[in-house]
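S.K.: Let the hints inform the model, and build the full structure from the sequences given.
There are 2 protein chains.
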Amino acid sequence: MRCRVCREKAAIRIRRHNAAFCREHLIEHLRRQVARAIEDYQMFAGSERLLLGVSGGKDSLALWDILTDLGYRVDGVYLHLGIGDYSSRSKACSEEFARRRGLELGIVDLPEDYGFSVPDAARATQRSPCSACGLSKRYILNEAAVCGGYDVLVMGHNLDDEAATLFGNVVNWNIEYLARQRPVLPATGNGFVRKVKPLIRVAERETAAYAVLRGIEYEVEECPMVAGNTLNRIKEWLTTVEQDSPGLKQQFLFGFLERAADGFEAVAEADLRACEHCGRPTTAEVCAFCRLRRRSVEAPVGERGDG
Amino acid sequence: MRCRVCREKAAIRIRRHNAAFCREHLIEHLRRQVARAIEDYQMFAGSERLLLGVSGGKDSLALWDILTDLGYRVDGVYLHLGIGDYSSRSKACSEEFARRRGLELGIVDLPEDYGFSVPDAARATQRSPCSACGLSKRYILNEAAVCGGYDVLVMGHNLDDEAATLFGNVVNWNIEYLARQRPVLPATGNGFVRKVKPLIRVAERETAAYAVLRGIEYEVEECPMVAGNTLNRIKEWLTTVEQDSPGLKQQFLFGFLERAADGFEAVAEADLRACEHCGRPTTAEVCAFCRLRRRSVEAPVGERGDG
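Protein sequences appear in the order of chains A and B. If you use this note's numbering, the first sequence corresponds to residues 1 to 307, in order. If you use this note's numbering, the second sequence corresponds to residues 1 to 307, in order.
If you're looking for bench data, these hints aren't it; they were derived computationally from the structure. Bear in mind the structure is a predicted one, so any value in this text is a computation, not a measurement. Ideal Cβ placement from N, Cα and C applies to all residues, glycine included. One or more hints might be untrue.
Unchecked claim - Taking lysine to aspartate or glutamate pairs in the EDC-like style, the calculated list, with each CA pair at most 20 Å apart, reads: (1) A:Lys137 <-> A:Glu222; (2) B:Lys235 <-> A:Glu242; (3) A:Lys235 <-> B:Asp244; (4) B:Lys235 <-> A:Glu236; (5) A:Lys235 <-> A:Glu204; (6) A:Lys137 <-> A:Asp109; (7) A:Lys235 <-> B:Glu236; (8) B:Lys235 <-> A:Asp244; (9) A:Lys235 <-> B:Glu242.
Said to hold, decoys possible - According to the in silico footprint, chain A covers these stretches of chain B (three or more CB under 8 Å from chain A): (10) 161-173; (11) 239-251; (12) 254-264.
Claimed, not checked - Reference listing, derived: stretches of chain A covered by chain B, where coverage requires no fewer than 3 residues with Cβ under 8 Å from a Cβ of chain B: (13) 165-175; (14) 254-260.
M.R.: Listed below in structure tokens is the structure:
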């Protein structure tokens, strides 16, 4: 197996592109894929202020590395979720990466700053931890971007993440979510900054290979709360299917974006108003995050939630 | 495991309905599912002339049985595809079923009446046999309905068939096919009769169980040309996924029909004109079936096709 570019011994084969790459040209290939996504979807300009959601995993650190190499100035924000050793290790990876490269990393601490952890929220609401975590991340990372005066919140979701989310939304035909599944969500003008996903053309194993080849130390363990998570199961199914049909995930996701997504956008946007508690846009009196926070902070430790 | 209705020993468990049924009540259950599909989608009235596409397999024979029991008068049409023993056996099953119940069965013979078999067509076009077969079936069964003065063409596609087709169309985001994936396709007024699928609420293993319990002799073997067929592979994947999440296929299909299908219908219908050869509606000068026929009949036996 030889590198498509230089014919040297390849480090990785990418079957959906019917190509293999050596170390150097894999790095170049991923940089080009990210640059192309930014350009294709007009994600941002170099003059804009960019904030990256950093988890300490391979995707966000690889993306930070690539964007920096492409010449963008990107600050990071790490959200400490209060998930024991997993959070400590991923925070340390994020801080170490930023320190070595002289990059700015802000830290938000869910237990300290908001009074509850993801395990607290899962217990209090009896919802899956992933649901409480996703809701908190969306809210707090946007909050960090708004308060820091950033133009754009950059997220590290990759092709596998987006294909799995799309699949989940298609299986349920969740029209509202389908309407919002885009590589770029424009700023709303009333509290949400623009949100972009530059890794949309890059698969999970490619960011992992990139991180390894670049010597990036990332948190390798999966979050311990993710077991049985629906999105993870969908990812496993799709990966099995992809083995039979290389390119299927990409075809599924980009076919949607090119031919179907506009149709779902026709769905009327719900009327948004200001959350009575925090002032951010919501369809309810109090936004979902403030409700989650209230229940998670109020629930005494060990309580199984109020249903 | 006890029957949901009479608490007798159950013959089959249907996990997506969280129910089990004895012989008698499974039969009643399937009859009710078919009656409900006919009513929900206003498929046809008892006064209309109905023609059923009969393959000799479990689905079409079970459906013929159920519709007859529900009091509908339904004639059948069997299309002989020229696939060796498989075609001979499935024809014999169809004829035997009709004879025993005193039902009308017309026979169309692809090799005799049209001059080519499905294997001929696959060879001549170098397309998959399933593609040539599907195209021929759609054309010829409609032709039989039109020429026989029928109002409705009834097809035996079940829940698994429709979910797999939908999945295939979604993975490719084939908007035109998605717009036409309905349990009822209205007559076009220029050559297509109404086409309906009353088994849409019934899974494959349920029609199999029904056929066995009713003593219906059907062709048990799968078509020998189907190996590697994409739709079959999708069916297998979906069945694996369904085992983890009972009801997923039904939720996927009916979620589409209830919440998404209308959006795809907005896609402009292509301009249809009469095929220069047979006069049926087509978007091209000569319709796809007449092109397939011309190539399949012209190609000498053994020729690998003209690409």
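S.K.: Each of the hints needs a verdict: does it hold here or not?
M.R.: Cross-check of the supplied hints:
A C-alpha spacing of about 17 Å is found between lysine 137 of chain A and glutamate 222 of chain A, which places the hinted pair at or below 20 Å, so the restraint holds. For the hint linking lysine 235 of chain B to glutamate 242 of chain A, the alpha-carbon distance of about 15 Å falls within 20 Å, and the restraint holds. For the hint pairing lysine 235 of chain A with aspartate 244 of chain B, the CA-to-CA distance comes to about 14 Å; that is within 20 Å, so the pair holds. For the suggested pair lysine 235 of chain B and glutamate 236 of chain A, the alpha carbons sit about 17 Å apart, so the restraint of at most 20 Å is met.
As the CA atoms of lysine 235 of chain A and glutamate 204 of chain A are separated by approximately 10 Å, the hinted pair is consistent with the 20 Å bound. The straight-line distance between the Cα atoms of lysine 137 of chain A and aspartate 109 of chain A is roughly 11 Å, inside the 20 Å bound, and the hint therefore holds. Using a Cα cut-off of 20 Å, the hinted pair lysine 235 of chain A and glutamate 236 of chain B holds, with the two alpha carbons roughly 17 Å apart. Distance restraint check for lysine 235 of chain B and aspartate 244 of chain A: the Cα-Cα separation of roughly 14 Å lies within the 20 Å cut-off, and the hinted pair is therefore satisfied.
Simply put, lysine 235 of chain A and glutamate 242 of chain B have alpha-carbon atoms about 15 Å apart, close enough for the 20 Å limit, and the pair holds. Judged by the Cβ-Cβ criterion of 8 Å, the stretch 161-173 of chain B is covered by chain A as claimed, because 4 of its residues qualify and three suffice. Residue count for the stretch 239-251 of chain B with a Cβ under 8 Å from a Cβ of chain A: 5. That meets the three needed, and the coverage hint holds. Figure legend: the stretch 254-264 of chain B, annotated as covered by chain A; annotation consistent (7 residues with Cβ-Cβ distances under 8 Å, at least 3 required).
Counting residues of the stretch 165-175 of chain A whose C-beta sits closer than 8 Å to any C-beta of chain B gives 5, which meets the bar of three, so the coverage hint holds. Restraint check on the stretch 254-260 of chain A versus chain B: 5 residues with Cβ-Cβ distances below 8 Å, three needed, restraint holds.
Consistency note: the structure conflicts with none of the earlier hints.
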